[in-house]
Amino acid sequence: MRICPDRIPARFDFAPIDTCEEAMFAPGADMLVRALVGDEARVRVRFSALDHTLDYVQADDRVSGTLDGKPFELSRTGPTLAGETSGGPIEVTVTPNERGSHVEGHAGAMGFRHDLERRDPVSGQLARIRGKFD
Amino acid sequence: MTLVPGGYKVSGNLGPDRIKANVQQGPNGTLFIEGTLADMPFSQTIEPLPTAPS
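Protein sequence lines, in the order shown, are assigned to chains W and Y. Going by our numbering, the residue at position 86 of the first sequence is 86; the numbering climbs one at a time, nothing skipped. Going by our numbering, the residue at position 32 of the second sequence is 32; the numbering climbs one at a time, nothing skipped.
Please keep in mind that the hints were generated in silico from the structure rather than gathered at the bench. Model, not experiment: these values are computed from the prediction. Keep in mind that a hint or two might mislead.
[Said to hold, decoys possible] In silico lysine-lysine, BS3-like type, Cα no more than 25 Å apart, as pairs:
#1 Y:Lys20 <-> Y:Lys9
#2 Y:Lys9 <-> W:Lys132
#3 W:Lys132 <-> Y:Lys20
Okay, chain W solo, but in the shape it has when bound (with noise of 0.2 Å):
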């Protein structure tokens, strides 16, 4: 099993995609886009980390864009979002349930399990992560 280290590197690389905090990159792990407006909203993401940049749009079950200016597309087939990445291949099956969605996949050679629970927006909290690596 792959373990975050105690503190985040100051740099990490995408070739492959092996660490937690790579993974955390991978368009079909962003679980803040599927938190805040789901799978299927037709909107451009921006993320920034570091001297790290991912950029994407989700369309049309298709998410394409660049990490660190590579470009990459994945496609989606029922609940599962798949293709490659300049970091690897990367396949997310979203399962939803009660609380939210069930994200099970991998990303390069990361494989992991992510539980989107939905909150009461009333309470200025909207969801709730809890994922685990390995």
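Use these hints to put chain Y onto chain W, whose structure you have.
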């Protein structure tokens, strides 16, 4: 979606790392997110696109 004034929070854990995010909405519906994963700060925007013609 429409956010309440002051925005929303999303939190949780990814592996052993704590993730926290604050979400604000711009006038055109774009969501602006600032957060941290462990001690790594990140920022994100989610911009709505026009509906595709049917």
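To see whether the hints hold, each was checked on the structure:
1. Y:Lys20 <-> Y:Lys9: holds (7 Å)
2. Y:Lys9 <-> W:Lys132: Holds, at about 21 Å.
3. W:Lys132 <-> Y:Lys20: holds (16 Å)
The structure shown violates none of the earlier numbered hints.
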